[in-house]
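The lines below spell out each chain.
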Amino acid sequence: MHARRFLVSLFFLLIFVFEVSAQSIKISGQINGEDGSGLPGVSVILNKTSIGTVSKSDGSFDLTLTKEGSFTISVSSVGYISQSKEFHAKSGREVKFNFILKSDSRNMDEALILGKTETQQIRETGFNVNAIDIKRFANSNRDINQVLNATSGIRIRENGGLGSDFNFSMNGLSGRQVKFFIDGIPMENFGGAMSLNNIPVNLAERIEVYKGVVPVELGADALGGAVNIVTAQNTKKYLDASYSYGSFNTHRASLNGSFSDEKTGFVVNASGFYNYADNNYLMKGVEVGQNGAFIKKNFRRFNDGFHSAMGQVEVGLRNKKWADLLMIGLLYSDQYKERQTGVDQDMVYGQVHSYGHFVMPTIKYKKENFLTKGLTATLFATYAKNNTTTVDTSASRYAWDGKVTSVNPNFGEQGAFSFYKYTNKFAIIRTNFTYQLNANHALGLNYNLNSGQREGINSYKNADQSGNALDIPNKLGKGILGLSWQSNLLNDRLTSSVFGKHYRLHTFIRQAVFYNGSGYVKEEAKDTQHYFGYGAATRFKLLESVGLKASFEHAYRLPEVEELFGDGVTVLANPKLKPEESDNINAGAYFTKSFDQHKLTIEASAFSRSAKDFINAVPGGTFSSYTNIGKVKITGIDGEVKYSFKNLVFANFNASYTDAANVDKQSAVYKDRIPNQPWLYANADLGLGKNDVFQKSDRLQFNWFTQYVHWFYLTWPSRGYEPGKSRIPSQLIHNATVSYSMQNGKYNISVESRNMFDELAYDNFRLQKPGRSFNVKLRYFLR
Amino acid sequence: MKGLNKTTCLSVMMALCSMFVMSCSDSDDDNPTVETPDGDEFVLVGSVTNPAASYLLATGSLTTGSASAIGKGAELATASRLFKDGNYYVATGGKLSKYDYENNLLVLEKEIPLTGNSLYSYWIDDKTLIVWDGVASAPKSDLTYNIVNVDAMTITKTGSISLTGLASADKAIYMSSCVLRGGKLYVAYAVYNSEWTSKSSSYLAAIDYPAMTNVSISTDTRSAYAGSFSNVIPSTAIVNNDIYMITNTGDRWAVTPDKPSAVYKIKNGENVFATDYFFDLSNISDGNREFYGLWDLGNGKAITRMGKKELLLTFEDYFNTDVFEYYVLDLVNKTKTKLALPLDKIVHSSPVFVENGKAYIAISSGTEGHFVWTYDIASGSLTKGLEVKGVDNVNWISRFDD
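If you're matching them up, the sequences are chains A and D in order. According to this note's numbering, the first sequence is numbered sequentially starting from 1. According to this note's numbering, the second sequence is numbered sequentially starting from 784.
Take these hints with a grain of salt, some might be off.
Computed list of chain A residues with no C-beta within reach of chain D, every gap over 12 Å [claimed, not checked]:
# : residue
1 : N98
2 : Q121
3 : I122
4 : L317
5 : E581
Below, in silico cross-link-like pairs of lysine to aspartate or glutamate (EDC-like), each with a Cα-Cα straight-line distance of 20 Å or less [as the list claims (entries may be wrong)]:
#  : chain 1 : residue 1 : chain 2 : residue 2
6  : D       : K867      : D       : E818
7  : A       : K403      : A       : D344
8  : D       : K878      : A       : D261
9  : A       : K578      : D       : D1184
10 : A       : K665      : D       : D821
11 : A       : K631      : D       : E1138
12 : A       : K612      : D       : E1099
13 : D       : K910      : D       : E1138
Here chain A is said to cover these stretches of chain D; the calculated rule only asks that three of the stretch's residues, wherever they fall, bring their Cβ under 8 Å from a Cβ of chain A [to be verified]:
#  : region
14 : 832–843
15 : 856–863
16 : 889–897
17 : 982–993
18 : 1097–1110
19 : 1167–1177
Hints were generated in silico from the structure; no laboratory data involved. From the three backbone atoms N, C-alpha and C, an ideal C-beta is built for every residue, glycine too.
Generate coordinates for the entire structure from the input sequences, incorporating the hints supplied.
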């Protein structure tokens, strides 16, 4: 209700006519690099005022002054030496500037503070988006997941150390409701080897987190939002190599580089990483049986090893007449993962493990002015294969001391013996067109097709396949077509995007099991469904430094094949299953202020998600099935404050509050807060650094990072006697990093400690996460 | 310009204010004070769904007042319904845990390790629990058992017996009944073949107790899957030392569409289903095979639940729709009489408790609320009693403490 009230206020605000004062002086200019090309994204400010802007894609900029006087204009940008000029502004006289900026391989932090990078520009669109600049974390040993976990509104719950299972939630919606992309390509079929819990930060340049309202460029059925990992877009040559060693015998290496030849236009990109960890952290107070009773002791984990590797090479051409970019690539990744526990830490496994690999050949094409001026086309295509094998063939039962307590020839460790191989072959085609109608209006068209087939076979001791899950492949095809219209009005003060999305879902299974009221029948089942979603996002700049945003989407999450048609054995078909649906509304404001060399940014957004028809499994015995059940109303607020001073101090604080309530009137727990979900959490990050400490062009940096998650109930809050209720206790975890770079970031060494005070931490009930750990990272970065 | 700035500021403040005032829905307590009769004499388990959770609700009376899960009741983490003498037991994953119940809290008293996977638990008497393993790797069918003295929490005997009927193409053995009579333990089980159905036959093993030797196995094909699909649902009645056992042929589990629901009889001193007795329930119910559970009323009578075919249309109807009727069966004369009760829901439930000439039946009705009805066995009268609030269904009722 309040979101609606706000939108009305915003509407009236927007219809105000802004008169331009008679006293206005126009300042304009052009910023070029030494090669004569225009430089976009360059920060242009008038010192000691709040007036500033950013250069456009062609390097031009303009400002408006409202009074005469003497000013100093400063321009600065990543990788360039800043320049300033003094001038005098007089009414009626336009002032024009021409800057040619020289390259400077200064470290990144300073530029981030002063410039309006691509990250900042994304923040200033109408979408409720967190744009995270990853370069800040280049010397840290974090994964993409750990960086995302520090963002407002996102909560990732992990079961253990490197490579462990995780649950990703965004503003109260989670799991399959949030979709992941890498450079706009959906990652949902990539398998465990390419998963956020082990991709190092060095692979990415920035991460865009869209909450609740997703632009058409990310074609997916994202009910809760989308995360887009953007890899290095740097066209200049570079090499980024790193290696780290840390607690629990963790080795991590990563290599990213690009080489291009300006004359021939030949480009080659390579990236890869390798992870290895024993994850043998200490489990505190776990039970072992001794002399007919159970006692609690501390033991190290012994079946939690993880290793993964990824390598990708792309070759191609750049800046040809027929293509701005044409790349052909091949990606290979694999992983091996041991599993230590079941759903709680009393279920100990000693030999359960899984492994898999993923192969993805790719082709990418991009051309501006494709066929006609103003039309930009990008294309991505692949046909890939992913498989995972889960092995549970041990009849031995293990305890926390690593010893076998008994042998039960009737069962494997998790249940029936299995050697289960799951294979997923799929094609992705993504085409994106943007047509610039004129300087202020653009149309966008995006089509994502994700189509494939999956099969699963349990080949334990040549088991009979006649009743096996997925022994005949089932098929799933998702086609998402999006059309958007973007406009810049009121001299760039108002941007808005209006869009529509069409979802087409095609599913096919050869042996779906139906319950028809007088028994079960197995038959071939297929279905094609269509849905139509829509939304809008708008941003209004009150001032250059203050803006308001509002966005809305009617979103869907399409059912998976297993949810719609079962798995042929124990999950029944439910062809009447509808997609999950939600009406998502965001409203926010941002404020940025630079003065002298201080910079302050404040962002806040309020959101509401009215979701229904959640797809849940109805459990039981031999059979289960999926059904649409659940109506949830989520409201909440995320806020973030960032402060920086020169390149000396950097501070960031964010907090999120979510109120997710059950609004299903048929339920006995109508209006209760949804259980087993964190609803209040905050992050604080402080960085202190100094250049030229021991020698010229070096840098010493210290970072302190703290995370707080408030306790929450495991089950419905209003039921049961409160003192006896299970809860996940509050967590306050501290981490610190010290890093030293030499020669402008060419050589780097950093030492990091996570969970410095060795807190006992849980994200999920009775599944301890690692205690205190250390690691050392060495990194070489050549530009 | 100054004037415009002020207006702008005011509008911004207004917009920001309206944005930051969140609508917090007051958490209503939708019920005023509930008076639960004091005492722990009886226990009910009520569950809420999506996500599921179950609550132990203790009450001093089943005939008056109300019991509520709102702010009361102890959370139950498993599907275990082993309540005896004020204690609650959980047998899972090779461990037996004993809890003491005191004022809405379950406090762990003792835990002992068990052999095998602890899948099926049955009371042999008020102090003895037998916990069985299961099978998931045909054709091995040695089932491990633990006989436990729950007072002392010690294992009296552990070992394994071999069952027959499981071929290498089959999937598993599911235990469906375990009852002691005259020095023998009668264990009924079902054999699941490689798909999801049960073999169309009943299996019965008779074992000398407490020696746990001399296993004799017989089969019967007049019906299938003797016993019940869950070890929390009783399936036997004892009449003059004869055992009467109901079968489970409904479509929720096992699926044996070619066999009727029926009641078998194991005569005193014998080890097999008597060939001269067969109470064909489907025959007197228009072919309905959805009978679940048998609760002994004494004197040759027992209560059973029957799901109405016309209402069991989809899989979810077994959980969320009011479909079950209650009948009193005369096991000797082979008749059934309907009880005038509202339709009940949820198949995985044991909502009948018999004591001192009365049967207490907990009905979870979507339209008429959740109440415990008292059925007077002698007079046949039905009286509405304790109300249960704050749950989506009530799925257990029994004695708890004296």
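Hint by hint, here is what the structure shows:
Every CB of chain D is more than 12 Å from the CB of N98 of chain A (nearest about 30 Å), matching its label as outside the interface. With a cut of 12 Å on Cβ distances, Q121 of chain A stays outside the contact zone with chain D, its closest approach being about 22 Å. A cut-off of 12 Å between C-beta atoms confirms that I122 of chain A is not in contact with chain D; the least separation is 21 Å. No Cβ of chain D approaches the Cβ of L317 of chain A within 12 Å, the least distance being about 49 Å, so the stated non-interface status holds.
Residue placement check: E581 of chain A keeps its beta carbon more than 12 Å from all beta carbons of chain D (closest about 17 Å). Between the alpha carbons of K867 of chain D and E818 of chain D the distance comes to roughly 25 Å, so the proposed pair goes past 20 Å and is violated. Restraint check for K403 of chain A and D344 of chain A: satisfied, since their Cα atoms lie roughly 19 Å apart, inside the 20 Å limit. Between K878 of chain D and D261 of chain A, the direct Cα distance comes to roughly 68 Å. Violation of the 20 Å bound is thereby established for this hinted pair.
Only pairs whose Cα atoms come within 20 Å are accepted, and K578 of chain A paired with D1184 of chain D is rejected, the gap being roughly 47 Å. A C-alpha spacing of about 31 Å is found between K665 of chain A and D821 of chain D, which places the hinted pair above 20 Å, so the restraint is violated. The suggested pairing of K631 of chain A with E1138 of chain D is violated, with an alpha-carbon distance near 42 Å, which exceeds 20 Å. For the given pair, K612 of chain A sits about 18 Å from E1099 of chain D by alpha-carbon distance, which is consistent with the 20 Å threshold.
Proximity of K910 of chain D to E1138 of chain D is assessed by CA-CA distance (about 19 Å); at most 20 Å being required, the pair is judged to hold. Residues of the region 832–843 of chain D with a Cβ under 8 Å from some Cβ of chain A number 6, which satisfies the need for three, so the listed coverage holds. Residues of the region 856–863 of chain D with a Cβ under 8 Å from some Cβ of chain A number 4, which satisfies the need for three, so the listed coverage holds. Only when three residues or more bring their CB closer than 8 Å to a CB of chain A does the claim for the region 889–897 of chain D stand; here the count is 5, and the claim holds.
Evaluation of the coverage hint for the region 982–993 of chain D: breached, as 0 residues show C-beta separations to chain A shorter than 8 Å, against a requirement of three. Counting residues of the region 1097–1110 of chain D whose beta carbon lies closer than 8 Å to any beta carbon of chain A gives 5, which reaches the threshold of three, so the coverage claim holds. Counting residues of the region 1167–1177 of chain D whose C-beta sits closer than 8 Å to any C-beta of chain A gives 3, which meets the bar of three, so the coverage hint holds.
This entry does not satisfy hints 6, 8, 9, 10, 11, 17, going by the numbered hints stated previously.
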